[in-house]
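Enquirer: The chain contents come next:
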Amino acid sequence: MSTPLPLRVFEGEARVYRRVWRGSVVTSFLNPILYLLAMGVGLGTLVDRNAPGGLEGISYLAFLAPGLLAATAMQTGAGEGAWKVMAGFKWRQTYQAILATPVSIESLVYGHLLWSAARVLLVSVVFATVMAAFEVTPIGPALLAVGPALLVGVATVAPVTAYTARLERDTGLSNLFRFGIVPMFLFSGTFFPISQLPGFLQPVANAVPLYHAVALDRWIVLGITPRVAPAVSVLYLVAWIVGGSALAVVAFRRRLVR
Amino acid sequence: MSAPLVEAHRLTKRFGDFVAVDGIDFTISAGEAFGFLGPNGAGKTSTMKMIAAVSPLSDGSLTVLGEDPRRDGPAIRSRLGVVPQEDNLDMELTVTENLYIYGRYFDLPRSVIRDRIEELLDFAQLTDKRDATVDSLSGGMKRRLTIARGLVNDPELLLLDEPTTGLDPQARHALWDRLYRLKQRGVTLIITTHYMDEAEQLCDRLVVMDRGRIVAEGSPRQLIERYSTPEVVELRFRPDVPIGDEARYAGMAQRVEMLPDRVLLYTGDTDATVAKVETMENVLDSFLVRRATLEDVFLHLTGRRLVE
Ligand SMILES: Nc1ncnc2c1ncn2[C@@H]1O[C@H](COP(=O)(O)OP(=O)(O)OP(=O)(O)O)[C@@H](O)[C@H]1O
Ligand SMILES: [Mg+2]
Numbered sequence: 000m001s002t003p004l005p006l007r008v009f010e011g012e013a014r015v016y017r018r019v020w021r022g023s024v025v026t027s028f029l030n031p032i033l034y035l036l037a038m039g040v041g042l043g044t045l046v047d048r049n050a051p052g053g054l055e056g057i058s059y060l061a062f063l064a065p066g067l068l069a070a071t072a073m074q075t076g077a078g079e080g081a082w083k084v085m086a087g088f089k090w091r092q093t094y095q096a097i098l099a100t101p102v103s104i105e106s107l108v109y110g111h112l113l114w115s116a117a118r119v120l121l122v123s124v125v126f127a128t129v130m131a132a133f134e135v136t137p138i139g140p141a142l143l144a145v146g147p148a149l150l151v152g153v154a155t156v157a158p159v160t161a162y163t164a165r166l167e168r169d170t171g172l173s174n175l176f177r178f179g180i181v182p183m184f185l186f187s188g189t190f191f192p193i194s195q196l197p198g199f200l201q202p203v204a205n206a207v208p209l210y211h212a213v214a215l216d217r218w219i220v221l222g223i224t225p226r227v228a229p230a231v232s233v234l235y236l237v238a239w240i241v242g243g244s245a246l247a248v249v250a251f252r253r254r255l256v257r
Numbered sequence: 000m001s002a003p004l005v006e007a008h009r010l011t012k013r014f015g016d017f018v019a020v021d022g023i024d025f026t027i028s029a030g031e032a033f034g035f036l037g038p039n040g041a042g043k044t045s046t047m048k049m050i051a052a053v054s055p056l057s058d059g060s061l062t063v064l065g066e067d068p069r070r071d072g073p074a075i076r077s078r079l080g081v082v083p084q085e086d087n088l089d090m091e092l093t094v095t096e097n098l099y100i101y102g103r104y105f106d107l108p109r110s111v112i113r114d115r116i117e118e119l120l121d122f123a124q125l126t127d128k129r130d131a132t133v134d135s136l137s138g139g140m141k142r143r144l145t146i147a148r149g150l151v152n153d154p155e156l157l158l159l160d161e162p163t164t165g166l167d168p169q170a171r172h173a174l175w176d177r178l179y180r181l182k183q184r185g186v187t188l189i190i191t192t193h194y195m196d197e198a199e200q201l202c203d204r205l206v207v208m209d210r211g212r213i214v215a216e217g218s219p220r221q222l223i224e225r226y227s228t229p230e231v232v233e234l235r236f237r238p239d240v241p242i243g244d245e246a247r248y249a250g251m252a253q254r255v256e257m258l259p260d261r262v263l264l265y266t267g268d269t270d271a272t273v274a275k276v277e278t279m280e281n282v283l284d285s286f287l288v289r290r291a292t293l294e295d296v297f298l299h300l301t302g303r304r305l306v307e
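Protein chains in written order, with numbering that gives the first Met the number 0: chain A, 0 to 257; chain B, 0 to 307.
Some clues are possibly wrong.
Claimed, not checked - Derived lysine-lysine pairs resembling BS3-like cross-links, with alpha carbons at most 27 Å apart:
#1 Lys182/B - Lys141/B
#2 Lys89/A - Lys128/B
#3 Lys89/A - Lys141/B
#4 Lys141/B - Lys128/B
#5 Lys182/B - Lys128/B
Calculated directly from the structure, the hints in this document are not laboratory data.
For reference, chain A alone in the conformation it holds in the complex (with noise of 0.2 Å):
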C-alpha cells in the first residue's frame, strides 16, 4: 500500500526539523515558560497582593496559565503559517522542488498543516507539563487543556498560510505579527478578561479564535463557566480551520500552478 501523499509531506517536515529544531527551541519552549515565570509569579504576585480574591479568588499565575497555553499554540501556529510557508515558496523554493513529484496541492498544503498540528502539539504538551509543575493544576486537566490549543493553532496556521500564499515580500508578515498575531496575543483573554476592554471592542475579541480557545482552557483546568457555549467554541474553532485549509489550498494553486 502506498503512503498517502500529506504524509510524505509530513516526513519531509520532520527531516527537516529534526536538523533544525535547536534553533527554535527558545522561542518554542523557553520563550512561553519564561513568560509564565516573569507574569505570572513575578507581576502576578504584585496582582494577587493588590487585589485579594479579585480574579474569582484565584492567583494571578493560576489564571494566567491556561490563557497563555492557548496563546502560545497559535503564536506557533502562526509561526509555522508565516516564516515556513514564505520559506517553502521563495527562501528555499521547497514546494516547487515538491510538486514536480506525485504529490499534489491539496497533498502539500495537508500535508503541511498536519506537521504544523504536530509542532503546535509539541509546544502546547510541554507547556501544560510546565503548568502542572508550578501546580496550577494537576497533570491531567493541564493535558485535556492541549485540545483547545492545539485547535487554535491550526485555526491560526489555516488562514495565516492562505495569507503568505499571497504574499510577494515578506514586509506584509510583519504586518500581520504587527496588526494581527501580537494584539490578538495581547487582548484576547490571556492576560485579564476581556470585560476589562472598553465596551466597544468586546464584540471584536469574541470574534478572535483565541478568546474561544482561552475560555475554553480555563473552563477546563479551573472550571470558570464559559460565557459562550463550549460547543460553540469548539464549532467556531473547527470552522477557520476548515474555512482556512480551504482558503490556504485556493491560495496556493494560484501561486504555484502556472
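Use these hints to put chain B with the ligands onto chain A, whose structure you have.
Expert: Frame of chain A; chain B with the ligands shown alone:
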C-alpha cells in the same frame, strides 16, 4: 516501432494575453536525447513545465508516457525526473538528506532509497560531500546534486532545463559525460539549452524555438546541412573601417550575414572565397575559416544571434 514517449499537437501556453508557446508540434521517442534550442524567452521552460505535468496546457494536446497530464499528473510525475532551470534544493539539509526526502515523496521504500543514494552519490561524484549541507556546495556540485535528485525514482524520462548554464567549461564537460552515460543506459533525455555546442554534443534530434514557435527540426547535422554551408568565413574589420553594405560582398559567397561587428560569408567553395577575401586585406583586421554550427542555423532562421 514503440509508441512515442511524448507527443504534442498544437501545444500552447498563454499567460494572460501573452502567448509563450504558440501551437507547437513535436514527437519524442524512447531512448532519444531530444533538445529544445532557443534564445531567452523562446518558451523552452514553459514547454518543459507542461511536459513535467506541473503547468496546465492552455490549448492543444499533449501525451506524456502514454498519459494525459491534465488527468494523470501524479502518475506521470512518478515516472519522470525533473532538473529545473534553477536549482531548488533544500539549502538547510545535507546532500544525502535532500536525496532521501525526495525519494520519500515518490514513496520509495527507505531501504531502496538508501541503496540508491549510494549509486547517485557515486554518479554525481559527491560521495565525499554526502554530509555537507547544500549551502556549502559549489555551483557545479549543486547542479550535479539536482540531477542526481531527478534520478532518485529511476525515471524513464529525464527533463533537463539548461543543465549546464552558469557552469565553467570543465564542469560542463563533466556533466555532458554523465548525461551521455544516462542515455546509454536507456534513459530518454529532454534538454533545453541556448548553447549550440551543448545541443550538438548531447542531442540526437532537436527543435529550434523562437518566440514560442518551432522554426526548424532535425539532427544537428541535418540542420546545419539544410540551413548553412559546411564552412563559414568570418571577417572582422579595423575599428575605423565601415563594414559597408551587403552588395559589397555579393559574388564572394552563397549567402552573407551582416552582424554589427562581423560579416559572415557562407560558401560552398572556401578556397575561392578566401582568395577574394585576401584582396580586402587592407581593411580587414582578421578573418577565419570555421565549420558551421547551430548558431549559424539560428542566425539564418531568425536573423538574430542565439546568445546576446
Ligand atoms: N509565470 C509566468 N507569467 C507570465 N509570463 C511568463 C511566465 N513564465 C514565463 N513567462 C513568459 O513566457 C515567455 C517564455 O518564457 P520561458 O521561461 O518559457 O522561456 P525560456 O525559453 O525558458 O527562456 P530562458 O532561456 O530565459 O530560460 C517569456 O516571455 C516569459 O516572460
Ligand atoms: Mg528557461
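Enquirer: Hints first: check each against the structure and report whether it holds.
Expert: How the hints compare with the structure:
Our distance criterion of 27 Å between C-alpha atoms is met by Lys182/B and Lys141/B, whose separation comes to about 21 Å. With a C-alpha separation of about 26 Å, the suggested pair Lys89/A and Lys128/B falls inside the 27 Å cut-off, and the hint holds. As the CA atoms of Lys89/A and Lys141/B are separated by approximately 18 Å, the hinted pair is consistent with the 27 Å bound. At roughly 11 Å between alpha-carbon atoms, Lys141/B and Lys128/B fall within 27 Å of each other, so this suggested pair holds.
Under the criterion of a C-alpha separation no larger than 27 Å, the hint pairing Lys182/B with Lys128/B is consistent with the structure, at around 25 Å.
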